[in-house]
Each structure stands twice: as C-alpha cells, then as structure tokens.
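Visitor: We have chain E already, so just place chains R and A on it with the hints.
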Amino acid sequence: MNVARAAPSAALVAAMLALPFVGSEYAVAIGFELLMWIALTQSWTVLSGMTGYISLGHAVFYGLGAYFVVLTYGTVPLWLSLPLAGLLNLLFATAVSLPVLRVRGPYFVILTFGLSELVKYVVLAVEAALGEFGRMVFGVPGVIALYWIMLALAVAATVLVELVRRTRFGQGLLAIREEETAAEAMGIPVVRYKMLAYGLSAIIPGMVGGVMALRTTYFEPQAAFDPIVSFTILTMAIIGGSDDARGPVLGTAFLTLLSELLWARAPEIYLIILGVALIAFVLLLPQGICGWLFPPRRPAT
Amino acid sequence: MLRRVVWGALCAAAFAGSALAQGQPPVRIGFSIAKSGLFANGAAAETRVYDLWREQVNAKGGLDVGGTRRPVEFVQYDDQSSGANAVKIYEKLITDDKVDLLFAPYGAATTLPLAPLLERYGMPLVANTATSVHIRELKPGNIWFVSSTVHDHVAEQLVKLLQQNHISSVAVIGNTIPPATEIGRFLKDDLAQAKLEVKVSESYPPDITDMTALLSRVKQAKPQGIIELSLFNDSGLYLRQSKELGVDAPFQFVAIGPTVASFRKMFASNTDGIVTLGMWSPEAKQWPLAAPFEASFVQKYHEDPDYLDSVLAEMSCEIMEEAVAKAGLDRAKFREVMATTTFQTIVGDVKFKGVENVTTPTTFLQIQGDKTQIIWPSSIATAPFKPKTMH
Amino acid sequence: MIAFLLSGQLLVAAIVTGTLFAVVALGLNLVYGTMRLINIAHGELVMVGAYAAFVGFSAFGISPLLCTIGAGAITGALGAALYLGLFQKLFASPALARRLEANSLLIFFGASVIIQSLVALGFSRTARGYRYLDTVVHLGDVALTANRLASFLVSAALCIAALLFLRFSVYGLAIKALIQRREAAGIVGIDVERIQLASITLGFATAGVAGALVSMTEQITPFMGFPYTITAFIVIILGGLGNLAGGIAAGMLLGFVEVYGVALTSASMSSVLTYGVFVGVLVLRPEGLIGRSGAAP
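Protein chains in written order, with our numbering: chain E, 1 to 301; chain R, 1 to 391; chain A, 1 to 297.
It is worth saying that the hints were derived from the structure and are not from the lab. Take these hints with a grain of salt, some might be off.
[Unchecked claim] If you anchor each label on the Cβ, the simulated ranges turn out as follows:
{"no.": "1", "chain 1": "E", "residue 1": "99", "chain 2": "R", "residue 2": "387", "range": "41 to 47 Å"}
{"no.": "2", "chain 1": "A", "residue 1": "157", "chain 2": "R", "residue 2": "265", "range": "40 to 46 Å"}
{"no.": "3", "chain 1": "E", "residue 1": "99", "chain 2": "R", "residue 2": "282", "range": "55 to 61 Å"}
{"no.": "4", "chain 1": "A", "residue 1": "138", "chain 2": "R", "residue 2": "282", "range": "33 to 39 Å"}
{"no.": "5", "chain 1": "A", "residue 1": "122", "chain 2": "R", "residue 2": "23", "range": "53 to 59 Å"}
{"no.": "6", "chain 1": "R", "residue 1": "136", "chain 2": "E", "residue 2": "27", "range": "54 to 60 Å"}
{"no.": "7", "chain 1": "E", "residue 1": "95", "chain 2": "A", "residue 2": "188", "range": "43 to 49 Å"}
{"no.": "8", "chain 1": "A", "residue 1": "6", "chain 2": "R", "residue 2": "268", "range": "45 to 51 Å"}
{"no.": "9", "chain 1": "A", "residue 1": "146", "chain 2": "E", "residue 2": "130", "range": "38 to 44 Å"}
{"no.": "10", "chain 1": "R", "residue 1": "136", "chain 2": "E", "residue 2": "166", "range": "39 to 45 Å"}
{"no.": "11", "chain 1": "R", "residue 1": "189", "chain 2": "E", "residue 2": "14", "range": "55 to 61 Å"}
{"no.": "12", "chain 1": "R", "residue 1": "268", "chain 2": "A", "residue 2": "122", "range": "41 to 47 Å"}
[Said to hold, decoys possible] Sample of chain E residues at the chain R side, in silico, Cβ under 7 Å:
{"no.": "13", "residue": "121"}
{"no.": "14", "residue": "128"}
{"no.": "15", "residue": "260"}
Yeah, the Cβ is synthetic: ideal placement off N, Cα and C, and Gly gets one too.
Just chain E, with the same shape it has in the complex (with noise of 0.2 Å):
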C-alpha cells in the first residue's frame, strides 16, 4: 500500500479519533451517524460490490443483531454480546446463502429483500406471540462510548473489504462479477466464494445494528428491518462507487452531509431538494464520486 493512497484515510481516521474531543455533542451525532453508514456500506461491498450480487436486504442483518443485543441484555455483556450479533449473522448468512445465492441478477436484488420482509414478519409474529410489545432496554452506555465502538466498526469493515481486495479469494469474487460461468469454467470455487462473501457482508451489519439499539434504547421489529436502511446502503455505494474502500466513505460523507445542510437550513422541502440532488447526480456523476474523482487507470468493462 503506498504512502500516498494511504495517507488522506490515515487522516480520515485521525480526525474521527479527535472529534469527540473537540466537537460538539451534535458534531459527535453527525460522526456517530457517518461511521455507521460506512461500516455498513463497507460491509455491503464485500458481497455486492465485489460480487455483483446487489442486495436489498442488508437490513435483516441489521435487525437481527439488535435482537439479539436486545434479548440478552443484562443477561450478556456488551462485550460479549456485540461479537456474537456479528457471529449470529455470519451463520444465519451463511446458512441461506446456498439457495439464496442461486439467484442472479435483479431476482436476486428482490429476493434480498423479500428475505428481509420475511424475518421482519416472523420477529413480528414471534414477539406478538410471545405478549411482547416493544423492548426497551435501561442504563446503555452514552454516545461518546458507541461513538467509540461505532468507529472501531467502521474501521475493522473497511480493513476488510480492503483484505478482501487483495486477497487471491477477492479477485476470485471480481472475476464472479465479470462472468460468473467463466470463472466457473476457470476452476475458480464460485459456490463457497459467494456463500463466504455472503457471511462476512453480514458480521458487521450485525454488530452496528446491536450499537444502534442501545443508541435508541427502544427495539420494534418494523423500525429495526426497516427497509430504508437497505434503501440507504445502496444508494451510498452507488453515489460513492463501490469499486474502491474509498467510494462508501466518499458517498457515505457525501450524503449525510448533505443532508445535514439540507435539513437544518430547508426543513420543509428538505426531502424534495435531495429527491433532485440525488437525480442530478446521477446525471452529472453516473460512476460515483469515486469513479469520479479517481477514474480507474484501465478502461472499465
């Protein structure tokens, strides 16, 4: 890794480290909430960006780990429970992969999501079953503690995907994104690529949504597999570009913060003014800002 691709993420890192420091409680919000959009996104790009498989769903990982987090709290610690969330979905992940994977293209976008709906309606079913209505969960830790861990997430999943990369089983998922039955053909395990790629896209999502309930301290199954957060996830990558560890970053910082400017100054017709910043960007920057800003040294297939 040279100096100089290194040195704008070494500083990225540097000043999300010091601003709980020096911002403001509200600037330490804004980072709270970027850290998780990346780790996210960073995370999706393990299997979506690398594979080609987009997927809608990532939001049942998301809900999953913070049931988790929620049901054995008091019972587990923090420290432990966190790591099993991402466990949890690493197994739940790679336990459908199999038949889920089998799908392609736009069918598998939606099966994605309707795997998604699906979980949602049976945690659902399961806490209505069980008498339960909402949980709540007491004596969390403050923001400044999951600032911490939120970034040690987004650290640990853009560390990934970059591992990934470099790995002889990375350029193995990108050859699947080229042309999967090529790939097949040149004796790379496609199968057992997508199923691991699959699972570890999970792990992280799974964690940040165990941080997100003690953020919000109240768990409901239509606000935890809310699907808007799968929405969110893939319309980052794609105004970021997911073909680098630096597109999530760029596209995650791009959006929040314009939403954060749009939504303090315009709160009335904030949403409408994002609806066409967004459309305008898809015409202006149809490869992201990271196609953008750094354009790819060989010519894109």
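Guide: Here is chains R and A on its own, set in the frame of chain E:
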C-alpha cells in the same frame, strides 16, 4: 393549493416577525414530528394542535414565561417516523439549536427513546401520544405523559365496559405491532380473570390486505363482542369487510381511527355503533375549556379535531403553558410545579404521579348516528352504550 | 372447515385480491421488461392516481371509475415527460446507459421522494377518502362491496386487454420483441425509441388507473405508495421479469396464498406465507415461476 401554502408561510413569517418586534426575545420550542413515513398520517392531528396553540398564544402577546410574555417560535424537524432520528433530533435541539423548551413527537416509538437524553440534559418534556406501559419504567422527573389511555388501563376498563353491558363472549383480533399487541396482552389476562369467553383470538401483520378468512371465522363463532385492536389502515379494512361479510355483534370496538373526522366521513355508515378509544367528544359540555378549543380548531382546519390525539396534544400544550407561567424556564421549579399542580385542561383536571396522569379516566367513545358520544366512564358519559345493529 | 375452504366467498376474495395485485404490477413489468428501469417510484404513481380520483370525485363529482381515465392520463403523461426529458438522454449516452439499471434506481428513488413531498405539501399529510358504491352486493351466497366488484371488473378487463394487446397488436408485438431481445429488436426495424416511449407511458398509466381503483376502498395519503411498490416487485419477479402473463399469474397466486393461507392457518401467518412463498419459489426456480419471457437476457 401550493400557492396558498406558500402565501400562508409568508404570512406566518411576517407575523412572526411582527411578534418579534414586540421587544421580548422569542421563546423557542423544539420538537420533531413525523412528516413522512408510517406515522405521518396520525401525527398530523398533533402538529395541527401545536400550530393552532402557537397562533393563539402569540395572539395573546406571547407565552407567559414566569411573568413575562415572550413570542413563541418553533424549531421543528421531520423525524420520518423513526426513533433513531428522534434521538438525533432532540440531541440537536438541546445541544446545538439550544431551544428553551421541548414539545413531544408522535407516538411511543419516537417518544420512549428520548428518556435517557432528557435525563442526561435535564430537559423536561410533556409527552402526549405515547401510551405504552413502558412509560412507567422511565425515571420520573424529566418526562410526563398526559395520556390516560395507557394500555393496561384500556384493557381493564374495556373488560369492565363489556361486563356492564352483559357481554359474555368476545372475539379479539389485532395488529401485531406493539401498541396493539400491548393492549392484547393485558386484555387476555383481564378477560380470563373476568371469565369472559374468548371465542377467537388472532393477530395479523400490519400490511394485511384481506380479512375475509379471518372475519369469516369471527362470524362463525358468533361472539357478542368483537374487539379489533387496529390502526388506521386495518381499522378501515375491518369496517369495510365486516360490513361486506355481514359480521354482526352488538358490541364492536375498533381501537384507532373513528376519532378522526375524515375517517368517520369515509366509513360513515360502517362506523355507526362502533366503540373506540378517545378522550373527548363535542357532546361533552362539562369542561369549559373544550368548546373554545373545538371552535378555533374547526375555524382553522374546517373539521373536528381528532378526539384522541388532538385532545392529548392540546392537553400537553395547556399543561406546558401553565407550568411555564409559574416556573419560567427554571427546570427545578418546573419539576416541582409538574409534580404538585393540578392542571386545567380541555378535559378537566390533570395531576401527575411520577410520569403518569392519574386523574383523567380511561375513556371510550361510541359513534351514535352522526354524533360521537362518551359512553365510559359513567362519571363523564354523555350517553349510554347502544348495541350496534346491522344496516 | 372443508365447506368453508370450498366456499365461494373465499374464492371471490382470492380472485379479487389477486387481480388487484396483478394490475398494480402490470405497469412495472412493462417498464422493467422493455427498458430495465427499476421504478422504485411505482407505488407513488399509484398514489398520484388515487389523489387524481379523489379530486375528481370530491371536487367535481365524477365517478372514480371514469376518473381512471384521467388518472391514467396524468401518470402516463408523467411517464412520457420523464422519458423525453431524462431517459432518452441516458439511453443515448453509452457511458450512462451502461450503469442505467443502478442509476435508474437512484433516479426513481429521488423521484419518489419528490413526488411524495410535493403531494404532502399540496394535500397535507392527513388521510383522505371518500365513499362511493359502498353498498354490499350479493351474488348467490357471496357478498361483495359494490366498489370492490367494480374495481375487480376494471382490473380484470385491463389485464385481459394488456394480454390481448401484446399478443395481437403491432405495437404490442413490438413491445414483446423489445422485452425479449433488446438488441435484435432494433436491427429488425422496430423503432426502439417510440416503443420505449409507448411502454413507459402505458406502464405509468396503468399504475395511475390502479391508483384510481384503490382510492375507492383505501385511505389516501402521500405515503401510501410503498406497499404497492413492494407488491409490484414481488409479483413481477415471481412471474418472471418482463413476462406480463407470468406477472398476472403471479399476482393471482399471491392473492390465493394470502387468502387461503390465512384460511388454513391463522391471520398472523399472512405476510410470513406471502414472503415465504416468494422466497421459496425463487430459490427453487431462480428465474421466476414461468421464467423470463423468451430467450436469454
């Protein structure tokens, strides 16, 4: 329509400007409200009241803050019906916008998450539309809930109402989202204790589009009472399809919906005889503050206020107004005032014990013809329960 | 129990529900099939159609059934404008066209947010509704509210018309050709531009018509669209993308699953069954129930 909105916004801005010109710095009240998403429809009942209240207060010269009248300014954001957003917004309101006072968002899902925040910054909040029993788990001192339709009370009182009208068998159906399952859970226990026969007990997901099979089962069971724990969409579905299938029972309770004017208009004949949750009805004449509220609401919005959520919102505004007049912006004094005062609201006295309003009784309304009557409790009832008949 | 399961009432409920699913998905299938555009704003078109009928009926007293024409015209015009103003350019530029599928998601996402907010500003967020044909009609021992019956008849007619159109009309055949083999269609002499314009206009128009129909029975809010978008996508995927007949069959299947599923189990299983069937079918048949219309993508 859009032009009228823009013109209205300009006028409001001009008015706010002129209010500012009175010399006193404005008192800024911050809140988030669901302007999009799942709760946007219900939340409108609340925002309308907030806007009306601000208008009326500013017309009086401003909010009485410990003796000085200061014009009211709102700082509001769209929380998109998300609890996580509400947390973020209220943090911003307190630490960044540095508002003087807070108003409540809509519903338990967005209000409950605020508790740790309020405790941390010591900012008081008078909540209105959050009605979960979870509120009692919150530490008192920074948050108060005006709602008397807390779900365990609802279940308990509903059973009493059933017993009073000699209903011996019921079918209980409801949504699987928390407000509905909460009532259902307490209802199950209370019905068992009262030894009422539960012939059907089923829940359905919030996106249900057809109740034919479900209601056919209910119809076949021939219960004397049907309790439908629903929100707007499924309430409407129930009313339509129960009429379609000829589901007949003298006692039919539909939790949310019939208190909204547009809902009643849309389902008119289907709502006749339906019992629902509410706080007030125009037929109630014993509360002096109610009639002027209704009159000004109707004048501004050309329809009746939501007899549940709008009334709750107005109560929280009135209580806030009275408390701030006595305590100013001093938080310790505010807490003391909240704990000791008996407030005057449009549905009478309100006194708090801990976080909960312990004076206002859990109220049920019934649509009777083109009027909505209070049928429970008998201390404030405007008409007795009338068994529902098929049309 | 058996008698209940075999009852006409359940059958009618399944057919009516299924037809609604089918007609809502019709337009989306057309747009995706011909142009691979992921219209995530499809539900918002249904919403616009609902408001159009609401205004037509409440303000002018025009029957919502007649308002379907107006609603379809409005949303159809929206489609045409979107195509001529935006998509035509995107198709023309090779760089943009390559990422069109992903980009179309963003564009329509932006569009859905804009449409929702504009409607909320114009009509306020409170739910609207009206009463029309709400008397109950009895056909044998089956009861149905008149407005649902009317909605069903119009939906069924629309579905049949769509199928006939694709089968027998020149335009329809051209659309079908475009769906099946995009590149080849142009070579064969089909005016791709015009067919695409026709597709998006018709596709959007059917959404508007569906909206006008649902407005008779549902409460109308600016945010009512999303569930329809979800349903539409599930239906078209289940039936095979671009396969309109498959989509209609899939819509009917979902209607039957929802109604009979609840009849056999319990109402709490309703959505679990619907999504379960969806996931299950796709996993077993990755190209959808009937598969993509024609040959390879």
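Visitor: Against this structure, judge whether each hint is valid.
Guide: We went through each hint and held it up to the structure:
Between residue 99 of chain E and residue 387 of chain R the beta carbon distance is about 54 Å. The supplied range of 41 to 47 Å is therefore violated. A hinted range of 40 to 46 Å for the beta carbons of residue 157 of chain A and residue 265 of chain R is inconsistent with their spacing of about 30 Å. Distance hint check for residue 99 of chain E and residue 282 of chain R: the Cβ-Cβ separation is about 58 Å, which falls inside the suggested range of 55 to 61 Å. Checked against the hint of 33 to 39 Å, the pair residue 138 of chain A and residue 282 of chain R passes, with Cβ atoms roughly 37 Å apart.
A hinted range of 53 to 59 Å for the beta carbons of residue 122 of chain A and residue 23 of chain R is inconsistent with their spacing of about 38 Å. In this structure the supplied range 54 to 60 Å is violated for residue 136 of chain R paired with residue 27 of chain E, their Cβ-Cβ distance being about 35 Å. Remark: the range hint 43 to 49 Å for residue 95 of chain E to residue 188 of chain A is upheld by a beta-carbon distance near 47 Å. One distance hint, 45 to 51 Å for the beta-carbon pair residue 6 of chain A and residue 268 of chain R, is violated here, with the actual separation near 35 Å.
Between residue 146 of chain A and residue 130 of chain E the beta carbon distance is about 41 Å. The supplied range of 38 to 44 Å therefore holds. Distance hint for residue 136 of chain R and residue 166 of chain E: a CB-CB separation of about 54 Å, inconsistent with the stated range 39 to 45 Å. The hint said 55 to 61 Å for the Cβ distance between residue 189 of chain R and residue 14 of chain E, and at roughly 57 Å that hint holds. The given range of 41 to 47 Å is broken by residue 268 of chain R and residue 122 of chain A, whose C-beta atoms sit roughly 26 Å from each other.
Interface restraint check for residue 121 of chain E: the shortest CB-CB distance to chain R comes to about 5 Å, inside 7 Å, so the restraint holds. Satisfaction of the interface hint for residue 128 of chain E is found here, the shortest Cβ-Cβ separation to chain R being roughly 4 Å, below the 7 Å cut-off. Among the interface hints, the one on residue 260 of chain E is violated; its C-beta lies about 9 Å from the nearest C-beta in chain R, farther than the 7 Å criterion.
The earlier numbered hints that this structure contradicts are 1, 2, 5, 6, 8, 10, 12, 15.
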